[in-house]
Amino acid sequence: MSTANHLLAAALVLACSSASAARTDITIGMQLEPPNLDPTGAAAAAIDEVVYANIFEGLTRFLPDGSVAPALASSWEVSEDGLQYSFTLRTGVSFHDGTGFDADDVVFSLDRARAEDSTNAQKGLFAGIDSVEATDPATVVVTLSQANGALPFNLAWGDAVIVAPESIEQAKTAPVGTGPFVFSKWVQGDQVEIVRNPDYWGEPAQLEKATFKFISEPTAAFAALMAGDVDAFPVYPAPENLPQLDADPRFSVVLGSTEGETILSINNKLAPFDNKLVRQAVAHAIDRSAIIDGAMFGYGTPIGSHFAPHHPAYLDLTGNSPYDPERARALLAEAGLADGFETTLKLPPPSYARRGGEIIAAQLREVGIKVEISNLEWAQWLEQVFRGKDYGLTIVSHTEPMDIGIYANPEYYFQYDNAELQQLMVDLEATAEDDARSEILQQAQTIISEDYVNGYLFQLAKTGVANAKISGLWENAPTQANDLTKVFWQD
Amino acid sequence: MRWLQHRNLWLGAMLAAVFVAAALISFLWTPFDVTKLNIPEKLQTPSMEHWFGTDHFGRDIFSMIMVGARTSIAVALVAVSIGIVAGVPLGLAAAARHDSPLDEIIMRSNDLVFAFPALLIAIMITAIFGPSAINAIIAIGIFNIPVFARLSRAAALGLWTREFILAARVAGKSASRISVEHILPNMLNLLIVQGTIQFSLGILAEAGLSYVGLGAQPPIPSWGRMLAESQTMITFAPHLALFPGFAIVFTVLGLNLFGDGLRDYFDPKISRGRH
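One line per chain: the protein sequences are A and B, in this order. The opening residue of the first sequence carries number 603 in the numbering used here; numbering runs sequentially from there. The opening residue of the second sequence carries number 44 in the numbering used here; numbering runs sequentially from there.
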């Protein structure tokens, strides 16, 4: 009897002492599961949200504030004419499989990304690169066809991370990078687990283990947080629960900015949307504040063009498309559609799209545009809308940083073809100086806003929820990432 | 008034009538327009103006329940009709050609459909052909066919051995004429009882399909989707889930009681034996 009591007491002491030590593992909740784990081969944001800065690193990287910092390249120099970048690489870096990192890996990665048959989702990032050469094991010279001040920025993207030729075959299921975490396992449909890399070249991570858990249902996400199954949800999917979570001392709610321009995409080649008057009518029929209130419970910043409000070059162009149903009806009449018309609104799963879609459908109905809503799963949406371009309207958040360049691609799913804008983007590539770049970016914002290419709704807020004891998570989302390098538990 | 003695019958009838009435009235009038969103008035608790409160888009929940009743009833009614129109002739044919290859083919195909989990196939159908009220009707309807086919075959088999049928056969009537003129009228009460029960199951199935987003699409209100949409708000706005939840419960309860009551009414022997 007394022995049993002693044992019990000892067990209790043990339990308490282990509970008081700071935890070294974390479970991160994500709404979407990545289709694979190779960031250089597919567009899905969920890939970068798992691997960026954790498993894979590029020559440069984004810091939490969106600025570009050295990563695998410790420094770089630009030639006088701006055509040659010479990157000095870090030495003593090795991939997780033990193979060494050197200039040949950089040449391999960049050549692979910009190759003809590359499936890289952001090939535009490498468009101006003429050649990549390894002059010695620790130096890579990138030669451009024309000066491009944004090269370090471009190379910081998840799509430009450095991979090794030895392990690239398996990158989709078992990625091998140089980052502070090593891929451990992927339970499909459930979670990806990564563990600390003991041989990391830089400052090692504080966490020993991190698990990314995929929970698509907002209700389940709420339950998982409440039950402690998930420690943090960097992009919490149900904004309606935030006040409640914020009031709970166990959690901290951090509102930050994202690069997600949430837009009502319009199929610019599909009649009657090929008529600018019709697109303008749509823009005036939309009441942004009702959408932000109704779909996002107030979280979000109205935008009037495809540009992030926290960027220095941002222009507030919401004045081009104020809510004015009378004007919208007049514009439709002018376009010869006084009786309105019918179109489709295809919605992917996120609540901003599903709820926003219902609100927009009601607003468009007010001006005589009959909208048939169909709710699609992501795979269907990518198939029908993004690749198939079989849609009238859709709602989606474009979460890549500085992605205004997509408007210069007439093949992109909203099929906007404007030579003036395309020229601007070429000019932008060739401009290195900040002020001049800003000016070009502002011109581009104005053009697409005044052309009413899409309905510009709001900038997605980063609604992060985390256990109050966790420090070091990114407050903003300058790129699609869950960088866990600096994350730790406070006692 | 014999039917007044059947408590289930009138209780069920009253409950069901409330929702049928709500559905019918909604064609002419609802307190508020359910397609019009009014975001500034969202998530209001029940009040004199909005009897059941407002939802996350500021729509009047009472009006949505009324129009939602229409969706549920329409889907269930058409689905049950599909089951009856296709299932009863199959059952009658199988009974008329008892033990023939035709009987085997009909009944084994019924078993095949029965063997599938109904909701799963309904999800498959709507996933292939796209979510809509029409596809929900077809999906639910298909699963009503074997129910009615079996019921009518069993009932018809019993009737085929009766003297009046024998008399009709001796008189030289064809099997199909006997089925239509003598067998069908004698099993109508069974069909009505089963129809009522299938109707309540149809409402449940429609709610289930709408809940997973495969039923009627927005902006048409549907109880199942109202439940699904209120899920994340249940902790701070429970009325969003309570009212459509109650609507489903009471409609299904009412129809089941009504079906039970009808059975007792048509067949007093069973009723006395059970109570």
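By construction, these hints were calculated from the structure, which means they are not laboratory data. A quick note: this is a predicted structure, and the numbers were derived from the prediction, not measured. Heads up, some of the hints might be wrong.
Stated by the list, open to error - Keeping only pairs whose Cα atoms sit at most 30 Å apart, straight-line, the calculated DSSO-like set for lysine-lysine is: (1) B:Lys79 / A:Lys878; (2) A:Lys972 / B:Lys216; (3) A:Lys972 / A:Lys774; (4) A:Lys815 / A:Lys774; (5) A:Lys972 / B:Lys79; (6) A:Lys878 / A:Lys815; (7) A:Lys1088 / A:Lys1071; (8) A:Lys815 / A:Lys1088; (9) A:Lys1088 / A:Lys871.
Hints violated by the structure (numbers, ascending): 2, 3, 6, 9
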